[in-house]
Amino acid sequence: MAGTLDRAVDDRPRRRIPWGDISRYAALIVFTLITLAPVYVMFATSFKELVDIQSRVPRWIFMPTLTNYETIITQYRFLPYLISSAVIGLGSTAITLLTAGMAAFALARMRFPGRGLIAQTTLVIRMIPPAVLAVTVIGFWIAWGIGDLVPGIRFTLPEGLGRGNFLDGSQLGLMLFYTALNLPFSIWLLFGFIKQIPVELEEAAIVDGANLLQVLFRVIFPLMGAGFAVSAIFTFRIAWNEFILALMLTNRFTKTLPVFAAEFIRDDGVQWGQMMAVGTLIVIPPMLITFFAARQIIQGVAAGAVKG
Amino acid sequence: MRTNKVVPYLFLLPALAILALGLMVPLYNAVLLSFYDWNFGQPWSAARPLGFANFERLWNDPVVWRSVRTTFVFGFWVVTLEMLIGVSMALLLEKAVRGATFFRTIFVMPLMIAPVVVGLIWRYLLDARNGIVNFYLLQIGEAVPVLQNFGFKAHTWLGDPTLAMVSIIVSDVWQWTPFVFMIVLAGLQGLPGDVMEAAYIDGASWWRMTWHIKLPMLRNILLIALLMRVIDVFRALEVIFVMTGGGPGSSTRVLSLTLFQTAFTSRDLGYASTIALLLSVILIVFSLVLLLFSNPLKDKADF
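Each protein sequence line maps, in turn, to chains L and E. Numbering-wise, the first sequence is residues 921 to 1228 according to the numbering used here. Numbering-wise, the second sequence is residues 149 to 451 according to the numbering used here.
To be clear, the hints were calculated from the coordinates, so they are not data collected in a lab. Computed from a prediction, not measured in an experiment: that's the story for all the values here. Careful: at least some of the hints might be erroneous.
[Stated by the list, open to error] The calculated label-pair distances, taken between Cβ atoms and stated as ranges, are: (1) E/VAL433 to L/PHE1173: 34 to 44 angstroms; (2) L/LEU1143 to E/GLY341: 25 to 35 angstroms; (3) L/PHE1212 to E/VAL221: 34 to 44 angstroms; (4) E/VAL221 to L/ARG1186: 20 to 30 angstroms; (5) E/GLY341 to L/PHE1212: 46 to 56 angstroms.
[Claimed, not checked] Over 10 angstroms on every C-beta distance to chain L, these chain E residues come out as not near it, computed from the model: (6) ARG271; (7) PHE298; (8) LYS301.
[Said to hold, decoys possible] Here are the computed lysine to any residue pairs in the SDA-like style, where the Cα-Cα straight-line distance is at most 25 angstroms: (9) E/LYS301 to E/LEU286; (10) E/LYS153 to L/GLU1120; (11) E/LYS243 to E/MET357; (12) E/LYS301 to L/ARG979; (13) E/LYS153 to L/PRO1033; (14) E/LYS301 to L/ASP972; (15) E/LYS301 to L/VAL977; (16) E/LYS243 to E/ALA347; (17) E/LYS153 to L/ARG1035; (18) E/LYS243 to L/TYR945; (19) E/LYS243 to E/TYR348; (20) E/LYS153 to L/ILE1038; (21) E/LYS243 to E/ALA352; (22) E/LYS301 to L/VAL1190; (23) E/LYS301 to E/GLN287; (24) L/LYS1115 to L/PRO1142; (25) E/LYS243 to E/LEU374; (26) E/LYS301 to L/GLN974; (27) L/LYS1115 to E/ASN152; (28) E/LYS153 to L/LEU1133.
For every residue, glycine included, the Cβ atom is placed at its ideal position computed from N, Cα and C.
Whole structure, please, built from the sequences with the hints as guidance.
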């Protein structure tokens, strides 16, 4: 489409001032600056000494320092929180891909009673906000501990998964919620990808004596790299960035980084430098993903909009 | 594919178990708890059944309805501005430009940044004493004194009811306009080329093509983008929590923040669950409407 239009444009007389292009680039540059400036300010502030931060005139040029980073790493429990965030982020991403892949396979390739109902329900409940989840489970959680989400039904976790341990109940709980929040989108995304794989491949594998699990893991999953990438980006983004559930459900051992960052908000004497250093560190993994996978992110947004 | 009757359910089991525990149980709890008086931290045995008292209280609660109104004000401005700017950007940048990959990467960035961090950044930018926004407003106001009458002076952004609302609107527009932009751009690029070419050859101006051909053809996409933003407005909490905490007074206390504060400041879990139910119902209704326009099942012939 673009090609034909461009040719049509090119037939016009030449050497006119390309006002269209000029305004287009001007707009692009303005939007780019507006997008980048706040992020740059955070980044720059995290490398500033207190004098530079507190000077009345904003200092765009300054002597960079790592003081703020040193402080948050040595004087706060930054590293345990980083590990907690990473475990929760990667854990929920892995669980989402596996369970969404299996569910999408069943929905795409098998027929069974209740299929439509399951599909519709999944699509309707996907917008429940984290705040609702936090409010409606926290009471039971605090009263009884993890596993006791429903009044009257209790089940205990094995020894070693109690509070304050490395893989704590609160981390498992967050993984559960982040996975649940992402499953509907991931199932529908992967559903679309599986539909595009020719059924003949699976039939051939079954003729060769493979069972369904082998078909799924050896034939389908290896062909779904692109779908898994999009799904993983969106799940990791939620799990890494989410704040409200993490604030309510984690304890002082298992906080995630956004909860840690919010602790720097004080009514007086805010340590802007340290706050911005934590912010910068939180933003680095999603930024890296953006640079390497902007195309997949846009694909995911468009899929979410166009297909559900 | 021919399979045993149980097999499909086995494949679905893990996902359904997680959805049940993670989404359905909380919904069930919201319904259950809304009939009880139960405080945060109490054992379940202390819960007192209330009948419909929580619902009556919700119906007559000025705090809740004021926060619904605040949500509408916030939502109206946020969605209007994001749609206007996002659609204009998409129309402007529809034609492939040099460096498209670079610009695309830049515009994806805000969507990936944690809302808490967005809140912290804007809190810093708008800080009354150290904030860059105030500094440059003052500079411009001093250089051109007439402009001081038009707001070019220092403001206590997060300390004034109206300006606090403006502040959270600005931060939301900054983060979410790219979302609208990306959806509309994808829609524009999916328009049939022959229609556009025919209109172009017929001599339709850019304006006429946009207004009479492109936007009507994009109607569904625009509605979907709009609905998704409206849904997100009702879900939004984190940036507001970090920037203003609902204040000053209750000027930026949106519904989800009232929900949060009822549960964890007033520690009233029973009533908070009633509010949670209200919020969930609003969102489920919007999701159903959204499904009318973008149903992944619709274009799959075999469903």
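Regarding the pair E/LYS153 and L/LEU1133, is the alpha-carbon distance no greater than 25 angstroms? holds (15 angstroms)
Could you grab the alpha-carbon distance between E/LYS153 and L/ILE1038 and see if it respects the 25 angstroms cut-off? Roughly 16 angstroms between the alpha carbons, so the hint for E/LYS153 and L/ILE1038 holds.
Does L/PRO1142 lie within 25 angstroms of L/LYS1115 when you go C-alpha to C-alpha?
holds (14 angstroms)
Sort out whether L/GLU1120 lies within 25 angstroms of E/LYS153, counting only the CA atoms.
At roughly 22 angstroms apart (the allowed maximum being 25 angstroms), L/GLU1120 and E/LYS153 satisfy the hint.
task = Could you see if the CB distance from E/GLY341 to L/PHE1212 stays within 46 to 56 angstroms?
result = violated (31 angstroms)
Review point. Is the hinted pair E/LYS301 and E/LEU286 satisfied, with a Cα-Cα distance of at most 25 angstroms?
Key: holds (5 angstroms)
Non-interface claim for E/ARG271, where every Cβ of chain L lies beyond 10 angstroms: Violated, because the least Cβ-Cβ distance between E/ARG271 and chain L comes to about 7 angstroms, which does not exceed 10 angstroms.
inquiry  = For E/LYS243 and E/MET357, compute the direct alpha-carbon distance and say whether it is at most 25 angstroms.
reply    = holds (14 angstroms)
### Task
Evaluate the condition: distance from the CB of E/LYS301 to the nearest CB of chain L exceeds 10 angstroms.
holds (15 angstroms)
Are the Cα atoms of L/LYS1115 and E/ASN152 separated by 25 angstroms or less?
-> Since the Cα atoms of L/LYS1115 and E/ASN152 sit roughly 21 angstroms apart, the hinted pair holds (cutoff 25 angstroms).
For L/LEU1143 and E/GLY341, compare the CB-CB distance with the range 25 to 35 angstroms and indicate the outcome. At 30 angstroms between Cβs, range holds.
Please check whether E/VAL221 and L/ARG1186 have a Cβ separation lying inside 20 to 30 angstroms.
holds (29 angstroms)
Against the hints set out earlier in the document, violations occur for numbers 5 and 6.
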